[in-house]
Amino acid sequence: MGHLETRYEYGGDEFIFVQLSEAMSLEANFKGMAITRQLKGRELEGILDICPSNASYMVRFDPDVLSPDLLMKELQQIEHAVEELDDIVITSRLVDVPVYFEDPWTHEALMRFRDRHQAPDSTDLEYSAKINGYSSKEAFIEAMTSAPFLVSMIGFVPGLPWCFQMVRREKQIEVPKYVRPRTYTPERAFGFGGAFSVIYPVQGAGGYQLFGIAPAPIYQKEQTLADFQDSIVFPKQGDIFRYRSITRDEYDQVRAQVEDGSFVYHKKEISFTPSEVLADPEAFAEMALGRLYHD
Amino acid sequence: MISVIKPGLQTTVQDKGRIGFYEIGMPPSGAMDKYAFTVANLLVGNHPNAAVLEITYLGPVLQFGKRMRISLAGGQIPPRINGQPVPMWTTLEVREGDELSFDFVQLGARVYLAVEGGIDVPLVMNSRSTYTLIGIGGYEGRALAAGDRLQLADMHEKEVAVGTQIDPRLIPAYSRSHEIRVVMGLCSYRLTDESKQTFLNTEWTVTPEANRTGYRHRGERLQFVEREQPFGAGSNPSNVTDLGYPIGSIQVPDGVEPIVLLHDAVTGGGYATIATVISADLDRMAQIKTNEKVRFVPVTLADALEARREVQARLSQVASAI
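Chains as they are written, first to last, in the working numbering: chain A, 931 to 1225; chain B, 108 to 429.
Please note: incorrect hints may appear among the correct ones.
[Said to hold, decoys possible] Not everything, but these chain A residues come out facing chain B in the computed CB check (under 7 Å):
#1 L978
#2 D979
#3 Y1108
[Said to hold, decoys possible] Derived list of chain A stretches under chain B, where covered just means 3 residues or more per stretch with a C-beta under 8 Å from a C-beta of chain B:
#4 942-948
#5 990-1004
#6 1082-1096
I should point out that these hints are in silico values taken from the structure, not numbers from a laboratory.
None of these values were measured; they are calculated from a predicted model.
A virtual CB, placed ideally from N, CA and C, is assigned to each residue, including glycine.
Excised from the complex, chain B in its bound form (with noise of 0.2 Å):
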């Protein structure tokens, strides 16, 4: 069992997902970072959709009812164990009445916490992942607060030994600017020319408003190219008539302000959609901080596959490694 102290900013329990239920509206949530959050499960030896400690900003303070397996990996959310510093991306050893605690956030935004066995929280539509907005899945459908107990789940598979260590060169590289790949489309060609320049070509400040649903951004100002607008799309010329939203799309209400949509998304509306971001990136999405700046770089689809194609060796170098 895990006892929470103190809750931090936003502490959920996330799983890879609830996949496969966008049609009613239902956004797949899941961990933000699924980088992080696997190579997490990897360190200690958990089924790889086991569910972990989502993290965000601020860390929570946690004490361990037994003795344990527990891994942290993700942004630099430098971790204690009873007042001592501990690495990350390492299989560590808690025992019973050890205190987790975090120093403040350096770089990155989020930090993944697997345990023995992943935590246990009842199956809300084949997830254990928290869905805030209408408070299903996770721990009574919430991020954490003071006095929860966590109990735990039994999806060990291997030994992974304490103090093992992924190699270094396969930690990511956090920092505070941030070039993020996307492909053009869906319907960009509502943009005029020289916008969808000026979407490439701006530093883009990411504003306050930036979570789990997604991220807005602030900079220049965007034009759609003028039309009638056709029946049923609204009255804006950024409306559109009422579509889907993939996650990672980007969508710029009046032109202001574009959003990137992540995993708790609202999966459609009247907003056109003028690129998505590349599923490798929306792991380092995940790590980005409000006032960080983001520039949003346009590659092919077969890039796309390519970048995801690496992401997965990687993964799987980590695995093997373990």
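With the rest of the complex left out, here is chain A (with noise of 0.2 Å):
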């Protein structure tokens, strides 16, 4: 991982800011996710948050009890350290996340906005195919559903995770976002901007590419499915999320799981290491989704 090159900045007097990379790419964020479990292990007095993020992390502190100084040290020191430790295993969770593609309420939303947009004429999923070179939406949605993404942010507002597709660099779909954000995006929807998709927590404006609607929330603030007992969201940095394309018969039954309680998240435990995933992206892919299916 030695090839990177990393900015350390204060933010005010309460933050540090470290880019570990300008661009994207998996490396760097297995980096930056060893780096902060690291420091999350140390448990220093006077941290207040530790934000992994894509191609960065961030960290507040006290500085009345941590001294900005020393805590600069402790984070180049725990660069160091990680550089040394390429085998560094990560435990994380590999998660079925069901996506209903084409829905009639983001097809509504996204028709709502399209002077909004590069394309007026066609769908967000028609254009988006279009220019990664699919020859038609089936082939995208298959593109996307058939490797994983790993979580590799959390943020913006409670509980929405960017997420990275695991595989080579030349097969990861890159959109623009919208030339002007839409005032409304529903819940749930499930989107796509730059090299990220995300799924939106809550209602609210957005600028992501609209492709359709999971229907399993990822955030809950009432608490009262099983998966967010510990927490009112429900990605963790690190998950490994795979989209599986559902029909409308499948998303109204999870639906009235979710209303009446009782539904859960297929989901299963896994180890790995950032190398085994860099060396090859797809062995892994079809190694996580065998896990996550047939174990």
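Dock chain one against chain two, each of which comes alone in its own frame, and use the hints as you go.
The structure is reproduced here in structure tokens:
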């Protein structure tokens, strides 16, 4: 993991921001994950928040308790230690995330805002398939659902997962955001912007291309579902999501389970090393999906 | 109990905030002006994290259900009890049936009402602070509305005599033009050198988009260094690969209208951040209104820490005098 260029910056007197790479990559994300997990393990007094993000991370601290200089040295030292730990093991969850593509609700939303889109005469899915070189919407959906995504960052609003597909760079999907953001996006909409897919936790504004909707919540403030007992948000950085294309029937079934409180995400625990993913993402994806559905 | 007769423009329950959940996208919320918040609690003898009402621009009308001590600290939104003017930064006593109302805002933007014992609302993730975006904390996750009834908590720690005032020298001076100190950095390397200077030399005007999430400023257009955008960063030169936004950080989407993120901030996104408001001046940001003028003044981290210590020293002086 040696060829990324790191920048350390103070964000006022309570934050340190560390940019590991300007470009997004699995490598940069894994490095941030390794550093922030090490830092968490050290349980330093005076640290208030540790926020891993896509190709950077951020720490909020109380400078009355922990000197900014000392923390800065600690972070640099951890970065150094992680460089030597190429086989660091990451433990996380593999999760089956059903998505109903081309659903009536996001369709209604995207049609309302065609005047803010690059291609007013096609849908977001048709446009995105085309600019990524896919011959059909179906082939594009197949590409998004055949390899899993790494939850590379949580934020913007509570629970929103930025997800980055675990495929080689040349197979990464990339789409622009809307020319001007929408003022409305349905709750649980599945969107794509830049190199990231997201699920919108709550209804609100948004600028990502809209492809579908997830029947299961990723945010539940009432905490009645089993997956939300410990936290009002479901995704965790480092999770591996497999988006699975579902029919309207299955969508309705999952909604009914969510309503009656019986819904539980299908998931498995997984341990992996960044090196094995980076060495052969396809083999890793195949192994991960095998483990999720057949083990 | 306290009854809400009129809610005011935006009156919310706030304490120190919901700390430690930034990584799941949860901003801290909490009182925007921590200095005024802390003094208000001190003047009624409350625990330092007792919940208060944060009153913005246009004050509410409130009726008290029993005798209790209260205090008001922050921007000049002159208070009245039963129509009679009463002083701010002072321990007051109200009786059952008394009505608190406010004149139009003069200087500053937010005033804090502390009541003996604090406001009692359920703790959500260790805090009583309201976060309206997703509707959690505070009074049913929202700003107060007419007809709401607030219960009192049991966070009273010390008797403070009615009429206790703080030293006038410890009352902040509010004004209509503001120098806000920032530490430059984060992704400021993305701005051209000329635009860095423009950012610091411009007298910015606060737009109507100025609330607990952030303050947007109008002034000059800023330019980013031309480059081929890195993979994942998005196509606009002001875009970066989505990253975390510190509280107080400043971003300039498309080079137009710098936004200072505050306590209900979005926690991350894809715009380059160029500077961060120092913690001591977040309190001062909270007292700025739409159409007022702001200059950003660069300071070092050492200056920021010194300013922080000065605020703490002033608060110790207040505490020791009460």
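Quiz item: Against chain B, is L978(A) within 7 Å by beta-carbon distance?
Solution: The hint holds - L978(A) has a Cβ within 7 Å of chain B, the shortest such distance being about 6 Å.
Quiz prompt | Proximity test - 8 Å, beta-carbon atoms, the segment 990-1004 of chain A to chain B, at least three hits | solution = Holds, because 4 residues of the segment 990-1004 of chain A bring their Cβ atoms closer than 8 Å to Cβ atoms of chain B.
Practice problem: Using Cβ atoms only, decide whether D979(A) comes closer than 7 Å to chain B, and label the hint accordingly. | Solution: Since chain B brings a Cβ to about 4 Å from D979(A), closer than 7 Å, the hint holds.
Exercise. Would you check whether Y1108(A) satisfies its interface hint, that is, whether its CB is within less than 7 Å of any CB in chain B?
Key: Violated - the Cβ of Y1108(A) stays beyond 7 Å from chain B, reaching only about 12 Å at its closest.
Quiz prompt | Given coverage of the segment 1082-1096 of chain A by chain B, checked by CB-CB distance under 8 Å (3 or more) | solution = It holds: at least three residues are needed, and the segment 1082-1096 of chain A offers 10 whose Cβ sits within less than 8 Å of chain B.
Self-check item: Proximity test - 8 Å, beta-carbon atoms, the segment 942-948 of chain A to chain B, at least three hits
Solution: Held - the segment 942-948 of chain A has 5 residues with a Cβ nearer than 8 Å to chain B, which meets the minimum of three.
The structure fails to meet hint 3 from the earlier list, while all remaining hints are met.
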